[in-house]
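Trainee: Based on the provided sequences and hints, a complete structural model is requested.
Protein sequence lines correspond, in order, to chains A and B. The opening position of the first sequence corresponds to residue 1 in full-length UniProt numbering, with each subsequent residue numbered one higher. The opening position of the second sequence corresponds to residue 1 in full-length UniProt numbering, with each subsequent residue numbered one higher.
A few of these clues could be false.
Cβ-Cβ distance ranges computed for the label pairs, FRET-style [what the hints assert, rightly or not]:
id: 1; chain 1: B; residue 1: D66; chain 2: A; residue 2: T111; range: 22 to 32 angstroms
id: 2; chain 1: B; residue 1: K30; chain 2: A; residue 2: A329; range: 36 to 46 angstroms
id: 3; chain 1: B; residue 1: L368; chain 2: A; residue 2: T186; range: 39 to 49 angstroms
id: 4; chain 1: B; residue 1: K154; chain 2: A; residue 2: R265; range: 53 to 63 angstroms
Since the hints were derived computationally from the structure, they do not count as laboratory data. No experiment lies behind these values; they were computed from the predicted model shown. For glycine and all other residues, C-beta sits at the position ideal for the given N, C-alpha and C.
Number of protein chains: 2
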Amino acid sequence: MSATDGQKIAMRGAGYYSANTVGAKYVIDKVADLVVDAVARMPRLANGHPFAIADFGAADGGTSMDMMRRLVGAVRETEPHRAISITYTDLPHNDFSTLFRLSQGLLGPSTDMPLADTPALYIFGSGTSFYRQVLPDNSLSFGFSATAMHWISKRPCMIADHVQAVGASNAEREQFRTQALRDWETILLARARELRSGGRLALANFCIDEEGHYLGHTTAVDMFDCFARHWRDLLRAGRISETEYVNATFQQFYKTPQEFAAPFRDPASSVSQAGLRLEKMFTMVTPCPYAEAFRTHRNAQDFARAYVPTLRSWSETVFANALDSSRPANERSAIIDDFYNAYEADVARAPDEHRMDYVHCVTQIVKL
Amino acid sequence: MSATDGQKIAMRGAGYYSANTVGAKYVIDKVADLVVDAVARMPRLANGHPFAIADFGAADGGTSMDMMRRLVGAVRETEPHRAISITYTDLPHNDFSTLFRLSQGLLGPSTDMPLADTPALYIFGSGTSFYRQVLPDNSLSFGFSATAMHWISKRPCMIADHVQAVGASNAEREQFRTQALRDWETILLARARELRSGGRLALANFCIDEEGHYLGHTTAVDMFDCFARHWRDLLRAGRISETEYVNATFQQFYKTPQEFAAPFRDPASSVSQAGLRLEKMFTMVTPCPYAEAFRTHRNAQDFARAYVPTLRSWSETVFANALDSSRPANERSAIIDDFYNAYEADVARAPDEHRMDYVHCVTQIVKL
Chain A
1 MSATDGQKIA MRGAGYYSAN TVGAKYVIDK VADLVVDAVA RMPRLANGHP FAIADFGAAD
61 GGTSMDMMRR LVGAVRETEP HRAISITYTD LPHNDFSTLF RLSQGLLGPS TDMPLADTPA
121 LYIFGSGTSF YRQVLPDNSL SFGFSATAMH WISKRPCMIA DHVQAVGASN AEREQFRTQA
181 LRDWETILLA RARELRSGGR LALANFCIDE EGHYLGHTTA VDMFDCFARH WRDLLRAGRI
241 SETEYVNATF QQFYKTPQEF AAPFRDPASS VSQAGLRLEK MFTMVTPCPY AEAFRTHRNA
301 QDFARAYVPT LRSWSETVFA NALDSSRPAN ERSAIIDDFY NAYEADVARA PDEHRMDYVH
361 CVTQIVKL
Chain B
1 MSATDGQKIA MRGAGYYSAN TVGAKYVIDK VADLVVDAVA RMPRLANGHP FAIADFGAAD
61 GGTSMDMMRR LVGAVRETEP HRAISITYTD LPHNDFSTLF RLSQGLLGPS TDMPLADTPA
121 LYIFGSGTSF YRQVLPDNSL SFGFSATAMH WISKRPCMIA DHVQAVGASN AEREQFRTQA
181 LRDWETILLA RARELRSGGR LALANFCIDE EGHYLGHTTA VDMFDCFARH WRDLLRAGRI
241 SETEYVNATF QQFYKTPQEF AAPFRDPASS VSQAGLRLEK MFTMVTPCPY AEAFRTHRNA
301 QDFARAYVPT LRSWSETVFA NALDSSRPAN ERSAIIDDFY NAYEADVARA PDEHRMDYVH
361 CVTQIVKL
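Mentor: Now the structure itself:
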């Protein structure tokens, strides 16, 4: 993964990400049942080895904190005195300070005991990309990742007249698919080296499901089409240049369940040869919590003001980085603000049309 | 260690610390010989265990990077394929992103291969204070710490008419000493749990040496007296209040070699009972690189402009946090700027009087 590409996937800091990604937490809470069940069936470790957990692409760790409590509880139920480590991984520029503060109970009010106060639990951060090996060979008992591996390691091309592969031309989309399938193999082979025999992965990744649904595309309106349309409006209004228009390209690809499963279905694949087996796979749609809340409160303004910042939390850097770096910073901020304000006005005008349902493919993988 | 106390020991970010602490690197380079020698004599690990290294209170990791290269080289000389982990620890608010970027070669030009590109080397951060156990029991092969453990876990009192324990009243100083000795035991017992049998610590800590020398006090002029005098000038000029004057109290204590050695000299102490033994101890004075450079270039302005920012890098938060939080931010900045500007003018006027020689006590400790 190139450093410069990596830099562009920055998130906004200090808990902003977690607070605005309520939906992400819903997904993780659902996956937690699977995780706890898997842990209960795992082989007992030899003495002197910690039960090593990793969260790949953890951001500030906020959305997975409750799951980690349950996971730690499940390990301790079988082995009360087993040392446990949790390694939170993300790109180097991630806000690890917020992650450590959250785990130590130093941010915001909480009635729960801080995760970091659990006896014999050791928490680490790693700034190593999940496209590389993050942990030593045969050391990982349980790897987890949620809503992270749709970020591919590099953009094979810019998407000329859209912002995401879902709206790209066929030729563009095939380049993204090729990159994404290569990346998936790279990710799995790195995890295969890290996992102990009997160790498991539980991954909840964005996908295109069996019905063709994907993030923000479960009804007639498509969220990425909205992004593209508002970005195109800025081009037409002369606010941004043609180059800036084209450069807004999400470094993402949503695989289908078939694509997730492919390396496992071929016994001769490098992934199968490395000992990885697909134990479970299913897709799930998590209803957009903001749209659901709107069905009750029916206040279009409130909905728009809650909904668009969520989109902004993970999309802003893509648009901000598309702008010419020679523009003064305040000019860039103004363009980006106008972009999201226009989107927000759109949502306020037709609130029933907008929703960002999450569409995930959950895979549970074991290393033989 | 209380969170709020911890917050006050913040450093300025993005490589500022390393770039301005040339002296710290000199110390570590000298200690590296000791470290490499110790590693060569360490017992071979069982298969499947990484050689685990930790840097306690690592800041951005910049000053110890070359030593880490040598240490990794020394391990690989004996065991070419041994997996190695390095855990960089500091308080949660530490700039771990800069640390990861530095190790991955993403900051500044360097002709060296990035440390993180070493095969089978795994780099982690930990936001757990070194007053707690950071790593699992019996997992640590080599622990290192430089110029970090003079920060005590809490301030037992404010120092009424000075800024550091070296200039405190006897009664105040005894309170600081009691806290520091208790902290030293806490640190050692936590490390005793983490270390493998045969594992070692190499610690370079600020001290008061056999001649009564300490940081910034190796000639007639005392650096902490200078801080205190300039702070008192602000009180006399009515710029700061009496409370603000008193609140500027470094949460630090410099122990003597005897105090460092005491827990090891008593076979009944909890530290001795935990299996720790003091193998080596010596003090060393590292000449202030800025003062040494001045002896050649003789440009007083240049010296003052290089020297005072170094002091500022580790002292600023103490003075900034002493100011009443109800003051507007720009007013606080102006006071702090004036404070260091006055110090700088002082240095420029009498450059031969100022130098911040480092005075360290180096200890090498083994766990039986």
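Trainee: Each hint needs a verdict: does it hold in this structure or not?
Mentor: Each hint, compared with the structure:
1. B:D66 - A:T111: 22 to 32 angstroms: Given a distance of about 46 angstroms, which is not inside 22 to 32 angstroms, the answer is violated.
2. B:K30 - A:A329: 36 to 46 angstroms: holds (44 angstroms)
3. B:L368 - A:T186: 39 to 49 angstroms: For A:T186 against B:L368, whose Cβ atoms are near 44 angstroms apart, the range 39 to 49 angstroms holds.
4. B:K154 - A:R265: 53 to 63 angstroms: holds (59 angstroms)
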